[in-house]
Amino acid sequence: MILKKIEVNINGRDYCLDVEENLRLIDLLRDKLKLTGTKEGCGEGECGACTVIMGGKIVNSCLVLAFQADKSRIITIEGIEEDDVIKNSFIEEGAVQCGFCTPGMVLAAKSLLDKNLNPTEEEIREAISGNLCRCTGYNKIVSAVKKAAKLKRGGDGE
Amino acid sequence: MKKRGKGIACIFYGTGYGNGFPDVSRAYARLLEDGRVEISVGATEVGQGAKTVMVQIAAETLGLLDKDIVLINEDTSKTPDAGTAAASRQTYNTGNAVKIACENLKEKILEDAAKLLGVNTKVGLCMKDGLIYVKSYPSKKVSLKEIAELNKDLQAEGVFTAHTTQMDENGQGAPYWPYTFASCAVEVEVDTETGEVSILRAKHVLDVGRAVNPSLVEGQIDGGFAMGVGYALMEDIGLKDGKMTNGSFEKYIIPTALDIPEIEKVLIEYPEDTAPYGAKGIGEPVMIPVAPAILNAIYDAIGVRFYEIPVTPERVLLALQSKG
Ligand code: FES
Ligand code: FES
Chain B
132 MILKKIEVNI NGRDYCLDVE ENLRLIDLLR DKLKLTGTKE GCGEGECGAC TVIMGGKIVN
192 SCLVLAFQAD KSRIITIEGI EEDDVIKNSF IEEGAVQCGF CTPGMVLAAK SLLDKNLNPT
252 EEEIREAISG NLCRCTGYNK IVSAVKKAAK LKRGGDGE
Chain D
27 MKKRGKGIAC IFYGTGYGNG FPDVSRAYAR LLEDGRVEIS VGATEVGQGA KTVMVQIAAE
87 TLGLLDKDIV LINEDTSKTP DAGTAAASRQ TYNTGNAVKI ACENLKEKIL EDAAKLLGVN
147 TKVGLCMKDG LIYVKSYPSK KVSLKEIAEL NKDLQAEGVF TAHTTQMDEN GQGAPYWPYT
207 FASCAVEVEV DTETGEVSIL RAKHVLDVGR AVNPSLVEGQ IDGGFAMGVG YALMEDIGLK
267 DGKMTNGSFE KYIIPTALDI PEIEKVLIEY PEDTAPYGAK GIGEPVMIPV APAILNAIYD
327 AIGVRFYEIP VTPERVLLAL QSKG
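As they're listed, the protein sequences go chains B and D. For the first sequence, position 104 (counting from the first letter as 1) is numbered 235 according to the working numbering, and the numbering increases by one without interruption. For the second sequence, position 183 (counting from the first letter as 1) is numbered 209 according to the working numbering, and the numbering increases by one without interruption.
Same shape as in the complex, but just chain D (with noise of 0.2 Å):
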């Protein structure tokens, strides 16, 4: 027989290293002579698409395109150290550095300008496709190339330490911050027969505080959701005496395009106040409500609570066994 039901799982995750443990990213940037900025970065891209979110935070800050943004990273000669692709923390935290120091050189090249046009302040500036301008007076502008051949030295840089507070001897306190929020529903088909257990339709919420590219989030949500039916449903290592028995992909199952729903997606864009334009960490939060969500729903189905993972065709039919 086939029995339907449906489960919802709701998480909230701390981004950043957090408990204490220091979290510091660093950026430079640079105008470079054809006005075009270059930007050095030590974030890693993994495929979760660190270098464009990080060139389009470049290029929102510095009124720039993003064609105009040159992206040095993953260079250990040339770049700072931006921490690690880990603990869903570039977005928020190299961004954040990103975005200082494009702000940091900003202010250098409208002190610049300010010279050049000959006004007493940068106050009334502006700074928008290349070009710098007085915003009551538009003709009165000067072009970035123009600003970079006059100062070759144009750079600054950007630091951003995250809040990380070790907990007390209770595991009481402030560990993180920022957290990011999700919750996801899906609707489960268990063969009692078989025990097998097929997803048929599923929905994530994810509060984003800001989606930069809200195609990379989807990406995010897509990887992060087939990662949790893998956890819930198929994936083990089997470790005996500390070693893996299911070291290879015949043993160690995951999930396969059939295995897996389309998905209906909600980004929730909240901005978050300490953020890069209000956006958070994504990367891990996305996958942590799907495993919960699974089981639950498998409750509903056929009335089972599972406390272990994952729930193979094999844990099914035992406990329906066992439940007679």
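Just chain B, with the same shape it has in the complex (with noise of 0.2 Å):
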């Protein structure tokens, strides 16, 4: 097996590591480095479940080869403070029922807020487009959004 020296920034922390050729993203993320609230539901880019930010754009972690991650920032849901106002309004809001979806969710909504502060109610059904959620019907993720970038903007969210 054909092994690769990578460095990556993984959650804030600096990783070198010796990963094989055909390793995916989401397995050196799950399996050797046990970051496991990175979810695999299709194993094939369709669903999003493993989604998280690479490089500021949100990837789903099961199409990207582990070394092809070399030299970039990566954040996956261990990633996000426990204060976090998105993941905090994802509790509030009740957008999370089996939770399957959430890390990727979360990360997507990140992705967004990180770039549009005041996103219409549309751009987050697009930017969550990606994401698919069978329990919540998505409209109580798309209430948590709107009430994250409302409180990222300085209001109390209502």
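Bear in mind the hints are in silico, worked out from the structure with no lab data behind them. The reader is advised that the hints may include incorrect statements.
Over the 12 Å line for every Cβ pair with chain D, so calculated as not near, a few chain B residues [claimed, not checked]:
#1 153
#2 175
#3 263
#4 276
#5 284
Distance condition first, Cα-Cα at most 25 Å in a straight line; then the derived PhoX-like pairs of lysine-lysine [said to hold, decoys possible]:
#6 77(D) - 266(D)
#7 178(D) - 167(D)
#8 163(B) - 188(B)
#9 104(D) - 93(D)
#10 178(D) - 218(B)
#11 77(D) - 154(D)
#12 291(D) - 281(B)
#13 28(D) - 277(B)
#14 165(B) - 136(B)
#15 93(D) - 28(D)
#16 136(B) - 163(B)
#17 281(B) - 188(B)
#18 167(D) - 218(B)
#19 277(B) - 178(D)
#20 202(B) - 163(B)
Restraint-style ranges between C-beta atoms, simulated for each label pair [as the list claims (entries may be wrong)]:
#21 285(B) - 348(D): 40 to 48 Å
#22 218(D) - 134(B): 37 to 45 Å
#23 188(B) - 38(D): 44 to 52 Å
#24 347(D) - 188(B): 39 to 47 Å
C-beta atoms are modelled at their ideal positions from N, C-alpha and C, and glycine is treated no differently.
Join these two chains into a complex; the hints should help.
Here it is, written out as structure tokens:
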């Protein structure tokens, strides 16, 4: 097996790792680094459960090979702070049911709000449209993202 | 051309296993040494909110706060059988078992309290906020913690058996109790060029008996509605010679956030006598009227009745062609 050396920053921590050439990023995160908050739903880029932020953009970590993450900064759900506004808005709005899609949804929402603190409803729906949810019907997730945007802008979220 | 139409559908649904299949839920309640109450129940949490609802029912019955209930669930070495999280049955069936277990425990606690307080009967006693006191003389009181210290064995079981009777050979009878009622109205837009159907607006009215937790009920309506949209317009496992041909999300299409409108929700609270605090099961009933409402709306928009789902763009276009 050919190993590749990569340097990657995950959730603010620097790693220097030897990875197999065909190792997927999701397996690096879950199996090697035990960051199991990232979920694997379909393994083929359709569901978004495996979403992480890489270089400021959301990617499906099941479709990225670990060596492609070389020299990049990655944020996984474990990198979201305890008192994070988006995370807490999800909880307060009841936007979590089984929770399988939640890590990916939170990161998709973060990626949107990092660029746009005043998204329209349509922009929110567009931003999370790569993330499937079988439980919530999306509406409470949309409300949670709206609320988080408002809180981040300095409003009271109501 | 884009054509709009409105549709409505109303349903009723018997919750629980029904039709003669035994339907029993059990729960245990136990007073802990620190005065909190432990509830052991097998109700499985799959995101619908069973844990929350069971804690709320227990707290209400015992006059405690949610934080004073310690819930043990989904642990087969500790929890009694509460049946499956299916048939929209946990809130009603297992909720009843939890309520009965808590009522039985409360009786035992009150008996001990009567002795400790030196009153001749438990009739005049109140239990609230972890205290038992004499209603007409509230300063005469004892705490749950004090009772737990003296009697380490205060526990009780609750068993609830739901009505389920097999129908006769003509399919007549009373297979279920209770029934949940729901209706759904939608406005759709059909693109006659592409065959695509989009849902513009929706309203969902649900007879919940009593909403133990309104936010959870809303979440179930949102989720059930989205499943109904997928069922009506997209989802097809493509069964061929006993095999699925659409075995991945690439081909088995389910709704995304862009396919779902905001839903106006109305909860009708008409308490069911046999239910815990009147609350009925709502998990499945929320979904059932969605597809017929959408199909009715499509008919209203383009005058075509569909008898097969999903109503995919291809099917819409074919139907429009043969209509001429
Ligand atoms: S697991 Fe990666 S998109 Fe589904
Ligand atoms: S909460 Fe279950 S898939 Fe989204």
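Verification of the hints:
no. : hint                        : in the structure
1   : 153                         : holds (21 Å)
2   : 175                         : violated (6 Å)
3   : 263                         : violated (6 Å)
4   : 276                         : violated (10 Å)
5   : 284                         : holds (22 Å)
6   : 77(D) - 266(D)              : violated (40 Å)
7   : 178(D) - 167(D)             : holds (19 Å)
8   : 163(B) - 188(B)             : holds (23 Å)
9   : 104(D) - 93(D)              : holds (21 Å)
10  : 178(D) - 218(B)             : violated (41 Å)
11  : 77(D) - 154(D)              : holds (22 Å)
12  : 291(D) - 281(B)             : holds (24 Å)
13  : 28(D) - 277(B)              : violated (30 Å)
14  : 165(B) - 136(B)             : holds (19 Å)
15  : 93(D) - 28(D)               : violated (53 Å)
16  : 136(B) - 163(B)             : holds (14 Å)
17  : 281(B) - 188(B)             : holds (22 Å)
18  : 167(D) - 218(B)             : violated (43 Å)
19  : 277(B) - 178(D)             : violated (50 Å)
20  : 202(B) - 163(B)             : holds (18 Å)
21  : 285(B) - 348(D): 40 to 48 Å : violated (58 Å)
22  : 218(D) - 134(B): 37 to 45 Å : violated (58 Å)
23  : 188(B) - 38(D): 44 to 52 Å  : holds (49 Å)
24  : 347(D) - 188(B): 39 to 47 Å : holds (43 Å)
Of the numbered hints given earlier, the model fails hints 2, 3, 4, 6, 10, 13, 15, 18, 19, 21, 22; all others are met.
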